[in-house]
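Chemist: Modelling step: build the complete structure from the supplied sequences, incorporating the hints.
Each residue of the sequence shown is one higher than the one before, starting from 1 at the first, in full-length UniProt numbering.
Please keep in mind that the hints were generated in silico from the structure rather than gathered at the bench. There's no promise every hint is true.
[Stated by the list, open to error] Derived PhoX-like pairs (lysine-lysine); straight-line CA-CA distance at most 20 Å: (1) Lys251 / Lys311; (2) Lys311 / Lys247; (3) Lys109 / Lys11; (4) Lys583 / Lys426; (5) Lys396 / Lys583; (6) Lys213 / Lys247; (7) Lys354 / Lys396; (8) Lys396 / Lys426; (9) Lys458 / Lys420; (10) Lys396 / Lys420; (11) Lys396 / Lys543; (12) Lys556 / Lys583; (13) Lys311 / Lys354; (14) Lys109 / Lys420; (15) Lys354 / Lys437; (16) Lys543 / Lys501; (17) Lys311 / Lys11; (18) Lys565 / Lys583; (19) Lys437 / Lys213; (20) Lys232 / Lys251; (21) Lys232 / Lys213; (22) Lys354 / Lys213.
[What the hints assert, rightly or not] Estimated spans, in silico, between C-beta atoms of each pair: (23) Cys29 / Gly261: 36 to 42 Å; (24) Lys556 / Tyr196: 19 to 25 Å; (25) Val149 / Ala77: 18 to 24 Å; (26) Lys232 / Phe13: 31 to 37 Å; (27) Val6 / Gly388: 48 to 54 Å.
Using N, Cα and C, we set each Cβ at its ideal position, and we do this for glycine too.
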Amino acid sequence: MFLMIVQSFIKLFVFLWAHARLLLTLLVCLTIMIGLLPVATLWLSKEMINEVAKIIQLQVGDYRYAFFLLSLQFLIAMATSVLLNIQQYLNGKLENVLELAAQSLVLQKVESVPLFYFDIPDFYNHLERVHLNVGTRFLSPFTILLEIVRASITIFSFLLFLLTVHWSLVILSLIAAIPVFFVQIRFGSINYWLRYGLTPLIRDIQYTSFLLKDRQSAKEIRLFGLGQMLLKRWSTSMTHQFTETLKVLRKQQATEVGLDGFTALLYFGTAGIIIWLIRTTSMQIGEFVAIGQAVQGTQGLTNQLSNQSAKIFGEILYINDFFNFIEYEHPEKDASDEGSALFPAPLQQGIFIKGLSFTYVNTTNPVLRDIHLHIRPGEKIAIVGENGSGKSTLVKCVMGLYPISQGDISFDGLSISQIKPDDLRKNMTVIFQDFIKYAYTLQENIGFGDAERINDLKWMQEIAATSGVDQIVSKLPDGYQTYLSRYLQEGTDLSGGQWQKIALARALFRNSDIVILDEPTAALDPMTELSVYQLVRNLTENKTTLFVSHRMAAAKMADRIIVMKDGQLVESGTHDELISLNKEYAQMYHAQAQWYATPVESR
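Modeler: Take a look at the structure:
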């Protein structure tokens, strides 16, 4: 545990120094200055009270000296106020710097991790724990440490003063801190692990809240009358979270009451010693007041020091969790996460899949089993099969989005593991079934297909014309600058078919050698789907194309059809060849044909 704390502190300060070394230096200097001011105030108070006592009792005091001391007290009070406000401003500035830097690390991590990470619930839980209020959480250990330094400087100064009076005052002032320190350490750890354990519940709360507020979810929630049920789920989860939190809080507050009683007893003992000293020494009233202030200040600051020292333990657990997230690497890797070679474009020999198997993380049953396939350059391949047969998983392996459990995928004989990931993906374009409908402008929705050419409007207009998007553009109020949602701006909502054309335009905007369509037309009617595939075939005449579909009519347009079942490639051939085999493909084709041919029974 101690080693973990030290390592986390080192990582924290390396991070702080890298992003805000000037702010760091200024805050340390301010802390030292603020820590010394209370001792100066204490000495001035003692001198001021003694001088005023002389004036009142003996009429021999120096009025000018008294006013001089009063002026110094005023200046120190103003200096303290100014320094504290500067410190608060610098803390706020540092928090913003850290928020930007730390959130950037989190988002870069999320953007760069392999796709299969998103199939791991623990990854989401870890992300949930670290991504909220990152700047505050990073600043907290540092500000606590500065408070510890400031309090330590002041305490040390007070103790030196008390030591000149009597050694017992030093001991009693320090004893109060010991139980506070251990109690705070204990509850700091308890609170951290409480938050850790509640993370899945908090994610459930946030997701349910999102459903209730989301525009896309609103229709179905109202149609099925889910509102009250979801509200009850949210309320029950929130109540459970509050109950668990309050259990710990009750124990903590009860312990705090006991600690306050212990501190009061120690102060009572200290007061007795001060009274005894008054009887046995020639102490002036200024010294008496100063001793009382020093004792109270020392006890208060030692308690604060214990609280902060324990609190920093809980905060450093978060820092450790944060860097564990940033540094986390799953034993399995991307299919192409270490390659350095460039993609062999254009393909001359094609794509070779040899003995490919794939198993999802934390599962034992393979989703793909011993796939062997050669896809020739420019060939149009349809991948068909029942739901769960492995169609989408296969194309994701080809794209390098999933790690290969066994076997290999190569392009012109170059293994996918040897190719640079970015270059591999630059030479592929895809439309997924759940393609993103970005709530941005039309230009961005198309241009995201090749971000480096997003401002090439001439190329975008060519793609729009070939994909049919130009007909949509002509009806939009701001053309390519029209927002395609009302979520961010006063934009325009589009139909499913229009979004389909935009997704196609985005895919074609990246002029890649390989085009993949992963059931992007599943939500469309058969006739519209057929027209989309015909359009894709015409636009990708010289490109290698893989399209996944569960509708056999669309598959007829392919040069070759691949049939998947239970993760295996069971048939391969043209439409006519597979029909003549009268096996899996023929059964699926005739079943769908019968569905469309069967007249609707009258009621």
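Chemist: Each of the hints needs a verdict: does it hold here or not?
Modeler: Hint check:
1. The straight-line distance between the Cα atoms of Lys251 and Lys311 is roughly 17 Å, inside the 20 Å bound, and the hint therefore holds.
2. Restraint check for Lys311 and Lys247: the C-alpha separation of about 19 Å stays at or below 20 Å, so the hint holds.
3. Using a Cα cut-off of 20 Å, the hinted pair Lys109 and Lys11 holds, with the two alpha carbons roughly 17 Å apart.
4. Taking the CA atoms of Lys583 and Lys426, the gap is about 38 Å. The hint is violated against a cut of 20 Å.
5. Note on Lys396 and Lys583: the hinted pairing is violated, with a Cα-Cα distance of about 27 Å set against a maximum of 20 Å.
6. At roughly 30 Å between alpha-carbon atoms, Lys213 and Lys247 are farther apart than 20 Å, so this suggested pair is violated.
7. For a cut-off of 20 Å, the pair hint linking Lys354 to Lys396 stands: about 15 Å separates their Cα positions.
8. A threshold of 20 Å between alpha carbons decides the hint, and for Lys396 with Lys426 the separation of about 15 Å falls inside it, so the pair holds.
9. A threshold of 20 Å between alpha carbons decides the hint, and for Lys458 with Lys420 the separation of about 30 Å lies outside it, so the pair is violated.
10. A threshold of 20 Å between alpha carbons decides the hint, and for Lys396 with Lys420 the separation of about 16 Å falls inside it, so the pair holds.
11. Distance hint between Lys396 and Lys543 is fulfilled; the C-alpha atoms sit about 18 Å from each other, no more than 20 Å.
12. With a C-alpha separation of about 16 Å, the suggested pairing of Lys556 with Lys583 holds against the 20 Å cut-off.
13. For the given pair, Lys311 sits about 56 Å from Lys354 by alpha-carbon distance, which is inconsistent with the 20 Å threshold.
14. For the proposed pair Lys109 and Lys420, the alpha carbon gap of about 18 Å is at most 20 Å, so the pair holds.
15. For the proposed pair Lys354 and Lys437, the alpha carbon gap of about 35 Å is over 20 Å, so the pair is violated.
16. The suggested pairing of Lys543 with Lys501 holds, with an alpha-carbon distance near 19 Å, which does not exceed 20 Å.
17. For a cut-off of 20 Å, the pair hint linking Lys311 to Lys11 stands: about 18 Å separates their Cα positions.
18. At roughly 12 Å between alpha-carbon atoms, Lys565 and Lys583 fall within 20 Å of each other, so this suggested pair holds.
19. Distance hint between Lys437 and Lys213 is fulfilled; the C-alpha atoms sit about 18 Å from each other, no more than 20 Å.
20. Annotation: proposed proximity of Lys232 to Lys251 is violated, straight-line Cα distance about 29 Å (limit 20 Å).
21. Restraint check for Lys232 and Lys213: the C-alpha separation of about 15 Å stays at or below 20 Å, so the hint holds.
22. This hinted pair does not check out: Lys354 and Lys213 have alpha carbons roughly 47 Å apart, beyond 20 Å.
23. For Cys29 paired with Gly261, a C-beta distance near 39 Å keeps the hint of 36 to 42 Å intact.
24. Between Lys556 and Tyr196 the C-beta distance comes to about 55 Å, which lies outside the given range of 19 to 25 Å.
25. Checking the proposed 18 to 24 Å range against Val149 and Ala77 shows it holds: the Cβ atoms sit about 22 Å from each other.
26. For Lys232 and Phe13, the hinted distance range of 31 to 37 Å is not satisfied, since their beta carbons lie about 47 Å from each other.
27. Checked against the given bound of 48 to 54 Å, the beta carbons of Val6 and Gly388, roughly 49 Å apart, stay inside it.
In summary, the numbered hints that this structure violates are 4, 5, 6, 9, 13, 15, 20, 22, 24, 26.
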